Every structure is written in C-alpha cells, then in structure tokens.
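There are 4 protein chains.
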Amino acid sequence: MILHLEKNTDTARLKQLADFYEAITIIDEQKIVLITPSRFKNIEEAHQPFVKEVFVFDNDIQLASRKYLKDKRTVQIGQSNIGGTFRNVLVTIGPCSVESEEQITQSAEFVKNLGLSTLRAGSFKPRTSPYTFQGLGTKGLTLLDNIRQKYGLSIVTEVRDSSHVDEVIAFADVVQVGAKSMYDQGILRKCGKTHKPILLKRGFGTNLQEFVQAAEFILSGGNENVILCERGIRTFETKTRFTLDLCGAAYLKENTNLPVILDPSHAMGYAYGVPDLARACMAMDIEGLLIEVHPNPQMAQSDASQQLDHQQFETLFGTLKGIATAINRTII
Amino acid sequence: MILHLEKNTDTARLKQLADFYEAITIIDEQKIVLITPSRFKNIEEAHQPFVKEVFVFDNDIQLASRKYLKDKRTVQIGQSNIGGTFRNVLVTIGPCSVESEEQITQSAEFVKNLGLSTLRAGSFKPRTSPYTFQGLGTKGLTLLDNIRQKYGLSIVTEVRDSSHVDEVIAFADVVQVGAKSMYDQGILRKCGKTHKPILLKRGFGTNLQEFVQAAEFILSGGNENVILCERGIRTFETKTRFTLDLCGAAYLKENTNLPVILDPSHAMGYAYGVPDLARACMAMDIEGLLIEVHPNPQMAQSDASQQLDHQQFETLFGTLKGIATAINRTII
Amino acid sequence: MILHLEKNTDTARLKQLADFYEAITIIDEQKIVLITPSRFKNIEEAHQPFVKEVFVFDNDIQLASRKYLKDKRTVQIGQSNIGGTFRNVLVTIGPCSVESEEQITQSAEFVKNLGLSTLRAGSFKPRTSPYTFQGLGTKGLTLLDNIRQKYGLSIVTEVRDSSHVDEVIAFADVVQVGAKSMYDQGILRKCGKTHKPILLKRGFGTNLQEFVQAAEFILSGGNENVILCERGIRTFETKTRFTLDLCGAAYLKENTNLPVILDPSHAMGYAYGVPDLARACMAMDIEGLLIEVHPNPQMAQSDASQQLDHQQFETLFGTLKGIATAINRTII
Amino acid sequence: MILHLEKNTDTARLKQLADFYEAITIIDEQKIVLITPSRFKNIEEAHQPFVKEVFVFDNDIQLASRKYLKDKRTVQIGQSNIGGTFRNVLVTIGPCSVESEEQITQSAEFVKNLGLSTLRAGSFKPRTSPYTFQGLGTKGLTLLDNIRQKYGLSIVTEVRDSSHVDEVIAFADVVQVGAKSMYDQGILRKCGKTHKPILLKRGFGTNLQEFVQAAEFILSGGNENVILCERGIRTFETKTRFTLDLCGAAYLKENTNLPVILDPSHAMGYAYGVPDLARACMAMDIEGLLIEVHPNPQMAQSDASQQLDHQQFETLFGTLKGIATAINRTII
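Protein chains in written order, with my numbering: chain A, 1 to 332; chain B, 1 to 332; chain C, 1 to 332; chain D, 1 to 332.
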C-alpha cells in the first residue's frame, strides 16, 4: 500500500504512521510517501485525516506499478531524456570491457561519429571463472573518465559487488547493475541513495516479479531514476547463450512505469544473430538498446563471440533507423 | 551423411548401398539421394564410383542443414511462394478454432479485404483438458472447405494425432503440426508422403536440435515443403504464457535451409502484448507470421485471452507494413 | 464439478443433466458420474433432487484429485496390487528396447531370478531422429508375448502414436504412454476405453497441471487404472539428460489419488548416477521404480549410456531392499 | 592447468612462471601450486625442470575436479569431519532467520536434545522484496554467539553481500553463501582468504559448471574447505517453489572432490513435501542435509510455509536414521 501524506505532517505523526504500517518513507518537495508491505490493504479510520491518497496493490510491485503512476517515468541521461512523453530510443554501444586507452578511444570516436550520446564499457567484470580476465578495475574508470571529458559522451558502466559500489556511483553517468548482482542489497541500497540513473539488468534466473521488486529496493530508497534491462534468461535451449524474453518485455511495458532497455548481445551470445535481434528489439517500441560493439572482436578479452565490429554495426544502424521511423521513435 | 547417386544407378546396387550405410532413400527426377545416420563420416573406396557427391554432418540435422543446401528452400502456398530468393512474408491470421459458419465467414472476409492470401483455423484441437471445447472435427473441415471455394483463400489447419492425419492432409492447403504433436511419428511419416506444405510447430519443451530432427522425418520421407514455426517455449517465467524464442529463430535462420514462421500469439498468451511482439517478429526478417485474430475474442471457445479483434489487427497491420518496408519484405 | 447421480436415473434425465452441465458421463455398477468443466461451481436448485453428491474443484484436476477420492486408488498388475492400502513398491526393470530373442530372454531370466514380477521393454520407439533405431514394432510384441508365457511376467510396453494403439493395448499388461506421446488424444481416448493399467509418463516440457489433466482424459473415459510416472523434466541444466523432479513427485503424492512411479534412468541419462537416484526414488515412498537394465549396455541400440548391466543392478538391488525396509515397503 | 612446483622454487622463478602461464598461486607447507586458465594444455620444455607435476583440464573446473584430487576432500566442522573417508552425514537444522532470543534458544535446545552438532539460522536475509523482514543483522549474530557458547553448537549462518562479509566470517563456524550471492566476488574472494568452512549454495539459475567455478574462486584463493549445497533450481514447474536437482547432485558427486549437502526445504517451499524429500536426499549418499525447522512455523518472519515444526522433524528424524543405516552413514 502507498500512502501520500500532506507535506506539513508533523514528525511525530509521521513516525507513528510509518511504524504502524511498517512503512518505508520517502520525503520529497511536494509530498511524503509511505510505502507499506502490500499485505496492508486499507487504513484505520483514525488515520484517514492525515492521508491524502491511498494506493492498494496485489503484491510488492508498488512504486513501479502503473496502478500507482500511470504514465511512464522520465529518466534524464546527460542532456537527453528517455521515457515519459519522449519518443527517444537510446542506442548504447561499446565494448564488453574497457581494455586499453587505444581500444576505448576507437570506440568513443565511433560512437561520436554515429551521432550517439552514450558509451558503455565495463571495468569490474563479474566473471564466472577466476581464471579469466577480471577487468581493469579502478584503472578502467580513469580511462573512461578521460574519454567522457574528451568526447562529451555519457558513460554507462557496471558495478560488480558492494565492495566498490561507492566508486562506481561517484564515477558513472548511468550505473549498470549486472544480471549476477541484481539481488545484491549492498548495491541496491546504495543505488537508492543517489539520484543517478540506474540501469538494472534482469538476472538470467530471475522472474519478472523479483526483477521489478529489485527495482522497488532502489525506488523505495528514494531514487526514481530506474531503467529495467532485459538481457536474456536461462532456458533449456543451449544453442544460443540465453533466451531473450520479449514476452517479458511486453509485460514490463504494460504493467510498470519504468523505461525498458533491451540487450540482444548477451541474450544471443553470437554475433551472427545480433543484427536480427537488435531490429526485433527496436520494433518492440521500448526506450533503448544495449549492443556490444568492439573495434576488434577477435581480440576482445571477454565476450569475444558476441561483439559486432564497427562495420557490422554500421550496416545494422541503417536498418535500425528505418524501423525507428516506422514506429515513430528517434534514436539518441 | 548424404550421398548423391547417379540417376541411372541400378536397383541392386542402390539396395546394396542403402543397406550398407543404413540409409533412407529418396528418388526424384534428377537424382537418387541416400541419407545415412550422421555417424557415417565417409564412404568405402569401392563405393566411390557410384557416388557423385558426399555431404558429411556433425549430427542428424542433414537435409535441413545449410551445409547440404546453402540456399533457403522455396515453398509454394497457393499461388505465392515463400523462401528462396523471394522477399515475401506470409501473414496468416484467423481464429484459434473454427466455431461456426458465421464466425469463419467473418474471418475470411476480413482476410480477403486486407489483401492477404491465407486463413488459419483449427478443427481438431489438442486441448490439455478433457473438459473444454475439443474442436468441430470433420464438420469444421467442411466449413473451411466452403470458405476456401468461396473466397479463394489457402487454408492452414492442424492435425492433432494420427487417427485423422489422412483426412487433414487431404483437405488442408498447409498442414499444421502442432506443438504437442510434433514428435508424433504417425503424423510425421504421413506428412513425408505428401507434397503439401507442412507447417511444423516447435514443441514448447523441444530444443532446436530435436525440432529440426522432426523436420528431418518429413524431409527424409520425401516431402521438401517444410516450414519451421517457433511459437514460444516453456520457461520459469509464468507472467506470460510462454517465452518467444527469437534467439532460436536467429539460430534456425543461420543454420537451416527451411523457411521460418513466427507465432507471437501463443507465445504471449495475452492480446495486450501481441502487437509489439508481432512487430518484433516481422523485424526478424523471416518468412511469415501466424497471428490469432477472432471477430469476437470474448466469445472464443479456445484461447480467448490471446486473440486480437479485427480492429486491433487493422491498427497493427499498418505498422507491420512499415517495418516490412524497412527490411525490404512484401507482405502476402 | 463432479456429480453423483442415483443409479436408477432415467436416460432422458441423464441426458438433460449431461447436456446442461456439458458433462462427460461414466456409468458403473454402483453409480452414474457426471464430470463437468470445473468452471461449474454449483447446481441449479431444480436439479438437486437427482443428484446424490457434488464435488467442486478449482481447476480441471477432478477425478484424480484427493478432494474427490481421498484415498489412493489401487491398481492391479498381474497378481499384485499397488496403491490403496498396499505397501508394495513395484520395481520394473528391463532394456530400453526389445532387440532380439536372446537379449530379451536374458533380461526375463534376470528379472525372474530376482523375484520381480514385471519386465519392461519398448517395441515402438519414439526416437527424435529418423536416422536411428526405430524399434522392432509388431515383431517385438511377439517376442515379448513368448517371454510372458514362458516366464509368467507382466509386460510393460510403450505405445508411440495412435496408428498402433489398439495393437499395444491388446497386447500389453501395462500400457506405457511415453513422455513424447502424453498429449496424444488418439492414444489417451483409446486408453480410456480399456481397463488395463496405463503408465502415463510426464512429458519433459509438461507441468504438473497438464500432466494430471492428461490422466483426466483416461479417467473420464472410464478407465480407473492410471499410474503417473515422473521421468525428468527439461531444464537449463544439460550436464545430465533431464532433471528428475522429486518436488513434483511430492506434489502428486499430496494432491492426487493416483499411484506414482519414478524413472531415474531417463532423468539422469548416465548409468553412473542411476544407483544413487534409484535409492532416492525408493526413499520418496512411492508405488514403483522404472529402471533401464540391459544384459550388455554397450551393445544397446537405444539409450546405451544410461542402462545398468546386470551386475550393477544386483548391487543396487541390495540397498534398495534396505531402504524399502526402512520405510516399511515391500518390493514386488 | 595445475602445476606443482618444488617447495624450494625461488621467488623470481616463481614469479616468472606465474606470469608466463597467467597463474594464480597458492603456497602451502608442502608445495607451491600454480593454477592457470584451462586453455593452457602443456608447459614449455624450458620450464619442465621446475615443475614436479602437471594436471590438464577440459575447462575451468580444476582444483575441484576429481582429475586433480581423486578422493573427496575432508572438511572439519567443530569437532567433526565430513567428506574424506568419513561416513558422516551432517544434519543441520534450525530456523530460516534468528528472530528472538526465545526462538533461537528453543531451537538450540531442540538440536542439542537430538544429539546434533550444528545450528543454522540467518541474520542477514537476502529478501527479494524491500517490504518484508530483512533479518536482525549484527544483533542476530550476537544472539547466535551466546547460543554457541551456552550449547556448544557450531553455527551455520549466511553472508548476504560484501558489505558485511568480514563480520560474518569472523563470527560463523560455517559461512553460508546464499543462492542469490554466489556470484558475488566481493564475498568469494574474502572467503578464499579464511580457512573457515564455506557452505556455497547453488544459485537457482546457475548451471553446474558455473556453480563449481564459483567454488574455484574460493579454492584458488587458498581455502580448501568448500562444501557445495544444492537447494533447488528454477524451472517451468511452479506448483513447488523450486525443483531439487538430484541429478545434478549425482553429477557433483562423480566429478568433483568437494563434499555435497542438500537442502530440501528451499527446493520444495512447502512443509508437506519436506519429509519425503529429506529421506530422498539422505538416500543420495551425500555429506549432509540442511532442513529448516522452527519452533512455531506459523509465526516465522520468513519462509513460514516451508519450515517443519519440532514434532514433524522428530518423526522425520527416526526414518532418516533408518535410511542412514541402510547406506552405512552416521548422522552427526
């Protein structure tokens, strides 16, 4: 249940109500919001004078629900906006990992020349084996910072675990929470304390209910700038790396008020399928795409098989524009 | 392993080779084809004089493999063609089940007015409960036959089990083998004996390897007109009915020579998500779409929740055309 | 909804009620049973005089539900019984396929010497590739018939599709409906017309709801002798062939009145894991085990990797008896 | 690849070899171990004089592989041992969460009276909703510490994320890494620096390969005391909470040298199925069971539906002993 109180509610009353309804409190300039567990379905008569509005929910998807906020939330990234009434679609490309100054410079120039506004690259890699490249860590963040200043691009980069979450939040323009970290409360709670946009990836074993509930951790912490990213779930089919869940994306569009971004690269796992899937994602009429593009995929230190090279992406980009036009979206 | 023999190979020799390599034989006007289990990797020296060409495979995907036939096969449906060098995309719509003369007439007129060429409707329904509508059976086929004659549409209809397979093959323009029937050898073997197009749906628990091997049953029976249809697989996500596997579709496009059709309706299970998914399917650059459309979905006797009404489909159809244009396809 | 009518209800009334409630009718010696779709939740006042008992259900699991029949049903196999108040556990072993007279004779002697009562072997194999061994068909049934007469064993054998369902029903002591055939209404409806025990295997992509609904096809056809067999479902884990769903078995025990048999061989797919899993299955306190045992697994024409040899099974059998004793069951 | 060097290898040489083979180094009293990425398959001739033994692997399961260490590793917990040549089976019970002094005291007395040696209870709960009980945190650890001192039990408790990993490692007798945290390198790396036993739970979306690779993070950090815990994977079946993967447990037993513990409570999610599943787990012949038992399940603040009460567990415990005897194991 979500309660909207008057801004001038006194502190003692606020504390009393929050305790009574086991609520998390958000105070902003216009109003005070109490978010209670969803098992609360109504308020006591005695409390009604202090409550302006009440929203009741079937389950713990509350702040993210269309039943609370009917219109899609707007998230600002650099000078641009996605969601809301904007018809922008953010196409974010770049390598899986920042590997060297030369590599990331080539990537940035490519992005800039295409007229795009964001660059993605990971520096803390959540690998599943201890015997593979683990990312450049803090050194990679410094490289990305130079790029940002030189090219004026917004940087999307990933936090792996809560041991370095402060560092990534301080640095990134968009903080990516990866598929393997999305239950990490050490991360989620810190992301709730900033106002930077959070790109929350769905875990490959995570159902939609839990995925949106992870967003609720951030939203109920006070950060409204949450973007949901579907990137493939694990199914019995192993000819491809994961299974991109576009039915799930349709569900998120219908039922939540959060912008949705799709990642065809991690889902497919093989470059050959990425262009078709990227076009399909664009046609889903969502707020963005995340595509792995590397100046030289064969030499990539992680995810070599699924990254497009610059020429492959340019070819794809032409048709992405055609589809964006067909559904009345503008690529940013 | 596939062997091409000379057309004039004598019968005794043919029999000897087929026995030796445990092969299935197809004889057409140009050549004799022996298809052996894929564990055979080469031919005896003594047999080489009788063999024109040899194709070796990693597994039992053989006739359907791009390694055998690099170009996509062409399948003729009515007066139209899909696959091959054609850039057609077949948009087949219609109700889940034929329910009455009035309902199917309304559907046919709608299809005709849109300028489409095929109508889908099931008459033998493979329901999972004995206590729900089971289809009109033979009576439904008669209704569909009248419609075909009156409107000149090609009819796509489903066989449920081998007890009525002959009847459906005799009647249909395209024989649909449903997701729950696709391992049924009684059906697959009969489909191999006809030359009618077979629309083979992937089982929701079927991996891509087994799916294409089911097509091999039909192809090795002598019928080259097989179309693969992805319609959603069963995953841990249950907010939607199934999970449409577009990564799998990308795999099929890359590795097989068979036309691919996508069915967003069964995957999603809810009408609200079908338009976005249908656009995504179109953007995948495949040979067709299968969409459930009913004159009055609320009254549908099966799959009520996922069928679009005529107005919803008309709205969708406009944007489908836009995307088809963007990827250089023509809707038929 | 299930209605029990008086045995002496007249035919016109019976037809009226069956039509009104869209019911399937079973007439036995004691009573008339109408099974309606589960959306019916109560009966008209005017009909109450003709109805002795009413059972209401949440969904189409009705005849199989503990809410209808609280006690487990008894199924007789040869001279033995499983289910009901019996504490028997049927251990059925034998090769995947009947391959030759010698092989099946060795198997039968092994079963006989262990004091077991049933032999399993398939003759119509539902293979996923057309290029592998497809079973001996009718010839295999004849071999099994000789074995039955010579050794007095009950024969468990599989029907693959409805093109030979009559033949298998006429022949088998227990008709096995395989995982790939369990939606086949051509088979299920014929199985409802016999009184032979039906061993219904769960499809590897089939959820528990659909699985029990398939049993409802048989039960509502008039055959009470249905046994449910869990044999592994398809999951993202591919180091093993399937994933044995013992949580599902626990669900079936709690919620249905049908005997349950477990098949660790197909689930695991590798002989090394079968003994541990077979012991786990026995400890689940269910009505039976199905284990593939072959006189010479390396030479097996199907499922070679998962079959135990006779010595491996003998070792296992000793510990199975120990566990059966610990849970107060008797192996038959 | 794993290389064993002589203990007296000089530091410069060691550094050279580690750099050349991109190796992680472990130095213990007897030997120096270099663990390289598994893509290294042999060593240069020039390096052979410095290398005593070489082990080559197909993939990054190396230290945990039976190909490296054929015998199962021994892990000491309190005064007891599991694994190795011991035939002990650790039955660890206790509530999901420590909730109050009274509740955890009742649990400890119950454990003590049964003659068991360990108590499990979580204090940092990795919940999927921000609106539910999140655990007592540090205060819960203090309660557990008192219990340990008073009753002499070993405490198994969970770390949720790396923000409090030091605290939990300092406190616990067995550090549990939960299903949602098992990719967390902040946790895994810290666990590699201690010598306390680590109970690593498999993520519900984690395949066996990744699961054992997570153990490799800890092993290659220098901690040999890793226990693998299977607790159910997420599948299409949702009548039960998860699907206990005993086929996977059989795989782990065959292919790794790490002790295995099974958790039927989280897999099933409902108390009614736990006793049968617990017996099945015991029959799998593994090193331990983890079962949620609460003095008053209805009042539990987390996982209320799946916890057994004390009487239910006592009944179960009797039959667990019978099965342990049948497979020659001793419960500790």
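Be aware that a few hints might be false.
Which copy is meant is left open, so a pair is good if it fits within one copy or across any two.
[What the hints assert, rightly or not] Simulated pairs of lysine-lysine, BS3-like, Cα-Cα distance not exceeding 27 Å:
1) K52 x K239
2) K196 x K52
3) K112 x K7
4) K239 x K67
5) K139 x K193
6) K70 x K239
Don't read these hints as lab results, they were simulated from the structure. Everything numeric in this text was worked out from a predicted model, so none of it was measured.
Here is how each hint holds up against the structure:
1. Taking the closest pair of Cα atoms, K52 and K239 never come within 27 Å of each other, the shortest separation being 54 Å inside a single copy and 33 Å across copies.
2. In this homomeric assembly, K196 and K52 never come within 27 Å of each other (Cα to Cα): the closest approach is 29 Å inside a single copy and 54 Å across copies.
3. Taking CA atoms no more than 27 Å apart as the test, K112 paired with K7 passes in neither setting, with 45 Å inside one copy and 54 Å between copies.
4. With identical chains, the CA atoms of K239 and K67 are at most 27 Å apart between copies only, with a shortest distance of 17 Å across copies and 39 Å within one.
5. Both within a single protomer and between protomers do K139 and K193 lie at most 27 Å apart by alpha-carbon distance, with minima of 25 Å and 24 Å respectively.
6. Within a single copy, K70 and K239 get their C-alpha atoms only as close as 39 Å, which misses the 27 Å cut-off; across copies the closest is 20 Å, which meets it.
Consistency with the previously given hints fails for numbers 1, 2 and 3, ordered from lowest to highest.
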